[in-house]
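Chemist: In the order they appear, the protein sequences are chains A, B and C. Mapped onto the numbering used here, the consecutive letters of the first sequence carry residue numbers 1 to 482. Mapped onto the numbering used here, the consecutive letters of the second sequence carry residue numbers 1 to 324. Mapped onto the numbering used here, the consecutive letters of the third sequence carry residue numbers 1 to 333.
No lab work stands behind these hints, which were simulated from the structure alone. Using N, Cα and C, we set each Cβ at its ideal position, and we do this for glycine too. There could be a bad hint or two in this list.
As the list claims (entries may be wrong) - What follows is a set of in silico ranges between Cβ atoms, one per label pair, in the way DEER data are often shown:
1. C:LYS113 <-> B:LEU163: 19 to 29 angstroms
2. A:ARG393 <-> B:PRO240: 42 to 52 angstroms
3. B:ASP221 <-> A:HIS218: 18 to 28 angstroms
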Amino acid sequence: MAEFRMPSLGADMDEGTLLEWLVHPGDPVHKGDIVAVVDTAKAAVEVECFDSGVVEQLLVEPGTRVPVGTVLATIAPPGTPVAPSPAPAVASPAPVAPSPAPVAPSPAPVPSPTPDAPVTSPLIRHLIAERHLDRNALHGTGPGGRITHADLDRAAATTPPSAPPTAPAAPEAPPPATPAGASPPPAAPSPVRASPLARRLAAELGVDLATVTGTGPHGAIDADDVRAAASTGAPPTAEPTPSRAPTEAAPVGPAPVGHPPRGADMRAAIAALMARSKREIPHYYLTETVDLGAALTWMRDRNRELPVSRRLVPAALLLKAAARAAVAVPQLNGFWLDGQFTAGSAVHLGVAVSLRGGGLVAPAIHDAADLPLDELMARLKDLVARARAGRLRRAELSDPTITVSNLGEQGAESILGVIYPPQVALVGFGRIVDRPWAVDGLIGVRPVVTASLSGDHRATDGATGARYLQTMAHLLATPEEL
Amino acid sequence: MTTITYREAMRAAMRDALRRDDRVFLMGEDVGRYGGCFGVSLGLLEEFGPDRIRDTPLSESAFVGAGIGAALGGMRPIVEIMTVNFSLLALDQIMNNAATLLHMSGGQFPVPLVIRMTTGAGRQLAAQHSHSLEGWYAHIPGLRILAPATVEDARGMLWTALLDPDPVLIFEHGSLYNLSGELGDDAGSVEIAHAAVRRPGRDVTLVSYGGTMGTAMTAADQLAGQGIDAEVVDLRVLRPLDEATVIDSVRRTHRLVVIDEGWRSGSLSAEVAARVVEQAFYELDAPIARVCSAEVPMPYARHLEQAALPQSATVVNAVHEMVG
Amino acid sequence: MTSALRAGVAEPLVHRRELLYQMLRVRRFEERCVELYSAAKIRGFLHLYIGEEAVAVGVMAALTEDDSIVTTYREHGHALARGVPAEAVMAEMYGKVTGCSRGRGGSMHLFDKATRFYGGNAIVGGGLPLAVGLALADAMRGRQAVTACFFGDGAVAEGEFHECLNLASLWRLPVLFCCENNLYAMGTALSRAQANVDLAARAGSYGLAAHAVDGMDVLAVEAAARQAAAAVRSGSGPAFLELRTYRFRAHSMYDPDRYRDKAEIAEWKRRDPVDLLAQRMIADRELTRGELAALDADISSALDAAVASAEAAPVEPVGDLTRYVYSDPGGTR
Numbered sequence: 001m002a003e004f005r006m007p008s009l010g011a012d013m014d015e016g017t018l019l020e021w022l023v024h025p026g027d028p029v030h031k032g033d034i035v036a037v038v039d040t041a042k043a044a045v046e047v048e049c050f051d052s053g054v055v056e057q058l059l060v061e062p063g064t065r066v067p068v069g070t071v072l073a074t075i076a077p078p079g080t081p082v083a084p085s086p087a088p089a090v091a092s093p094a095p096v097a098p099s100p101a102p103v104a105p106s107p108a109p110v111p112s113p114t115p116d117a118p119v120t121s122p123l124i125r126h127l128i129a130e131r132h133l134d135r136n137a138l139h140g141t142g143p144g145g146r147i148t149h150a151d152l153d154r155a156a157a158t159t160p161p162s163a164p165p166t167a168p169a170a171p172e173a174p175p176p177a178t179p180a181g182a183s184p185p186p187a188a189p190s191p192v193r194a195s196p197l198a199r200r201l202a203a204e205l206g207v208d209l210a211t212v213t214g215t216g217p218h219g220a221i222d223a224d225d226v227r228a229a230a231s232t233g234a235p236p237t238a239e240p241t242p243s244r245a246p247t248e249a250a251p252v253g254p255a256p257v258g259h260p261p262r263g264a265d266m267r268a269a270i271a272a273l274m275a276r277s278k279r280e281i282p283h284y285y286l287t288e289t290v291d292l293g294a295a296l297t298w299m300r301d302r303n304r305e306l307p308v309s310r311r312l313v314p315a316a317l318l319l320k321a322a323a324r325a326a327v328a329v330p331q332l333n334g335f336w337l338d339g340q341f342t343a344g345s346a347v348h349l350g351v352a353v354s355l356r357g358g359g360l361v362a363p364a365i366h367d368a369a370d371l372p373l374d375e376l377m378a379r380l381k382d383l384v385a386r387a388r389a390g391r392l393r394r395a396e397l398s399d400p401t402i403t404v405s406n407l408g409e410q411g412a413e414s415i416l417g418v419i420y421p422p423q424v425a426l427v428g429f430g431r432i433v434d435r436p437w438a439v440d441g442l443i444g445v446r447p448v449v450t451a452s453l454s455g456d457h458r459a460t461d462g463a464t465g466a467r468y469l470q471t472m473a474h475l476l477a478t479p480e481e482l
Numbered sequence: 001m002t003t004i005t006y007r008e009a010m011r012a013a014m015r016d017a018l019r020r021d022d023r024v025f026l027m028g029e030d031v032g033r034y035g036g037c038f039g040v041s042l043g044l045l046e047e048f049g050p051d052r053i054r055d056t057p058l059s060e061s062a063f064v065g066a067g068i069g070a071a072l073g074g075m076r077p078i079v080e081i082m083t084v085n086f087s088l089l090a091l092d093q094i095m096n097n098a099a100t101l102l103h104m105s106g107g108q109f110p111v112p113l114v115i116r117m118t119t120g121a122g123r124q125l126a127a128q129h130s131h132s133l134e135g136w137y138a139h140i141p142g143l144r145i146l147a148p149a150t151v152e153d154a155r156g157m158l159w160t161a162l163l164d165p166d167p168v169l170i171f172e173h174g175s176l177y178n179l180s181g182e183l184g185d186d187a188g189s190v191e192i193a194h195a196a197v198r199r200p201g202r203d204v205t206l207v208s209y210g211g212t213m214g215t216a217m218t219a220a221d222q223l224a225g226q227g228i229d230a231e232v233v234d235l236r237v238l239r240p241l242d243e244a245t246v247i248d249s250v251r252r253t254h255r256l257v258v259i260d261e262g263w264r265s266g267s268l269s270a271e272v273a274a275r276v277v278e279q280a281f282y283e284l285d286a287p288i289a290r291v292c293s294a295e296v297p298m299p300y301a302r303h304l305e306q307a308a309l310p311q312s313a314t315v316v317n318a319v320h321e322m323v324g
Numbered sequence: 001m002t003s004a005l006r007a008g009v010a011e012p013l014v015h016r017r018e019l020l021y022q023m024l025r026v027r028r029f030e031e032r033c034v035e036l037y038s039a040a041k042i043r044g045f046l047h048l049y050i051g052e053e054a055v056a057v058g059v060m061a062a063l064t065e066d067d068s069i070v071t072t073y074r075e076h077g078h079a080l081a082r083g084v085p086a087e088a089v090m091a092e093m094y095g096k097v098t099g100c101s102r103g104r105g106g107s108m109h110l111f112d113k114a115t116r117f118y119g120g121n122a123i124v125g126g127g128l129p130l131a132v133g134l135a136l137a138d139a140m141r142g143r144q145a146v147t148a149c150f151f152g153d154g155a156v157a158e159g160e161f162h163e164c165l166n167l168a169s170l171w172r173l174p175v176l177f178c179c180e181n182n183l184y185a186m187g188t189a190l191s192r193a194q195a196n197v198d199l200a201a202r203a204g205s206y207g208l209a210a211h212a213v214d215g216m217d218v219l220a221v222e223a224a225a226r227q228a229a230a231a232v233r234s235g236s237g238p239a240f241l242e243l244r245t246y247r248f249r250a251h252s253m254y255d256p257d258r259y260r261d262k263a264e265i266a267e268w269k270r271r272d273p274v275d276l277l278a279q280r281m282i283a284d285r286e287l288t289r290g291e292l293a294a295l296d297a298d299i300s301s302a303l304d305a306a307v308a309s310a311e312a313a314p315v316e317p318v319g320d321l322t323r324y325v326y327s328d329p330g331g332t333r
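Please build the complete structure, drawing on both the sequences and the hints.
Modeler: Here it is, written out as structure tokens:
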């Protein structure tokens, strides 16, 4: 006995509706005869059978929708006597149109989607982690129980954030804040704008991007910012070797205003200037290791009150201290010209900035000793950005009265720098490092920096230089006065 | 060393190919008696005769398709289409036949065909002669897409393309034909698989090809005067894209500007940017920038056309934005 | 394809029997495809050649091994009559690696290098330029070969048709254009699409030899094709045959066939090309009904074997998905 099935009339046809039988039980049929009309959702199509014989039973009533492949009728071999039956013996195939056949009483009901693990998107998971929320305590109000942004905000408003895994466990946690809006929701951490490379470097170097000041496009943190922060928390600056760019207008031809010389020109200029310095200036060198514990603690406290864009970095404190010390020891702030020392009219602090293409310049922050710290910080950022973009002003290149070289990314512990002629001193800062340190008779671990002074022996003696370093160390011990 | 124009280099390449392989012939509108719409094939009819330098009716679909058929039949045709805009009349043949026959036939029928066409704007030819649609063709698997930007490539790409068993489209930017450059006396074929670093640099990568290579190089010169050291990459091959060269460059410079005379939306520049983001995301130190044509049909008036096209000043500004 | 058909020089009785065998084989192959499609073994679009068998079988009988074929998406009959093995065609329907296009083409894209079968082309008119180019290559290389290019009446509305007839005629290229005029471009009757339905006359306006032929009579088709191919082969330029035929089934499996009158279909079926030849041979005492039944049974068992081999055949590994996008091994670039 052959079976006549719901045919597939297209790749997109999964089911069809039997519209009409063109044959009756007992009718003889031949291969290729049209036996029924089927609605494919696109059109009513006459369908043929692929067997010859006698129609035995019609199994599906017109109007029924069934899946492709469902047996619609049986065809007996030719000559078989078939008792005519008036109506199709319906109901053997499960019709598609109504709801699926009810499942027999199931011993083990299918568990509903785990109620204790609400559905979350990757973004939501990220935010849950970032805000230290308990995922299982969240109630999703989105489609299908999904957790939405609003759910997170609600949860943040009513429950204290769970302690971040890295935070030390508080033995006696304060009682939860009074619920229901008595405490404002903690401000969501403001997003940090940082380049992908900066983020990668920050992760590798263990730098918290929230503490880094961006100097990249639109204030974004770029790779150099991270490298600087990783070493001393300072902006990117000098090279370890005491090579310095000219402070007078570039000695190798007149550079266009605001455009430091580049490439080979730059190298040649540095070479000429440094050779002149070492040839003409009898250098002496002094170093002093300075405890920065107080300064950094003070800075962190201060930063908590500041928006990310205005946060301080240690370099700002070091520069300010160097400038203030130069006011206190004016013999080091000025120029050796025509065989004698000429004091600077103010402290215009040269800051060595390394350039992306190699080489460096040391433009001035004017009146650095008089600038409030956050103003000094803003000037520093601006200066570094413009130095990198080649947009320095001529006065910035020619005015420094004393220069600071702050070892940044290279991260050596100390630097003994070469003085920029015609200046008479160069201040160096190494990397900030944690070291055992005696405080009030006890050994503790403190962040320290090695400060150095390179002095022109023609203008000053070591005692003057030592006074300068002591003054600076004192200033850094009392950062609130900076 | 001789000084040669891009047009002469292309002609020398065709003459060389016609001499080396008698299966090679040139077919297209006005390639014979007229000497080529842009004068590229001038003199070839006299040297090789009308059987191998074939003037066709203005039937892009028929003669491009005939090129495909002739390639199937054992020849090595060079089909010239006057401009990329006209190539749309043959797009059915290029897309549905040239690019698909090998695959649809389960590897039985490769199509060793070369199609040359002019692309690009800058000559005040308005909106039906000036577009840069090579990015569309670079979308199609089965095709190799070349964009010679130098006289070396104009001279050297054709022969290598003719050796390729698969269809190769060569896009010649109309503004390049009069470009002249030095060419070695022994200049010959060049590889057609890789991009080239035309100028090394450390601060930013400028990626371009074809007609905007000049724009990119000019921008790099201007940036150098400002202390920014730009690396310039010439894609040369638009499909298959040599992403390794681009990504290697970005790994060094950490910044990318793509200059593409096509429209920005759905463009080749979008493809380059996407691949860099996919494969070198954590190397990027600034958002990728693109300098493309304005999204308008190319206008006729010179000032409007220039305003619509990528300019070196725009590239310089884009770089300034990203170096902060 | 048997040598008797290809050579076309066999003794007439044997030759007619061969033509009958070829047509009946195509008919039965197509019927088997309907069944397999209904059972969801074959997918995609399926365009059947039932009713048009005399065209492919008659034209192929006039060609030689050196000639090339370019055809359309209704090409099972062309492939079988040209000699592409039924197993390879059926396996292609199944999407198997043993298919004549390794499962990458399907019903509409049968290819076979061994028989110079340059493919089913699913773009109406898209094959004509290829045929012109193949003929151009033959002409330039001095090969005495014909490229037979099959297309339907729908292609006459395409610009490529006119471009190609002109170009082939202009360059005197050895193309045999075979227009299978089955009166319908999918659901659009020729008279609803063309201002002048005399297709041979229109082709003739391009300066090439053009004739209309009864496409239901395989002997008439073969005779016309033989004459035209000889002229083309001799270098007198392209020729055009309008082969007036009819498809008995709908355009494709999904087509409810609402645009044709059933009486019209019945009228054409009275001139079924297979019956026409069989009845003639029976009347001429060249064939008995018993022999016809035996022939049918042979064909049926051969098709059973083709289906069984397609069922059993392996599929292309998905790892080879990108092969044949480019010629170099390793596939896509």
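Chemist: Would you mind marking each hint as holding or not holding in the structure?
Modeler: We went through each hint and held it up to the structure:
1. At roughly 21 angstroms, the beta-carbon separation of LYS113 (chain C) and LEU163 (chain B) lies within the given 19 to 29 angstroms, and the hint holds.
2. Checking the proposed 42 to 52 angstroms range against ARG393 (chain A) and PRO240 (chain B) shows it holds: the Cβ atoms sit about 49 angstroms from each other.
3. For the hinted restraint 18 to 28 angstroms between ASP221 (chain B) and HIS218 (chain A), the CB-CB distance of approximately 26 angstroms keeps it satisfied.
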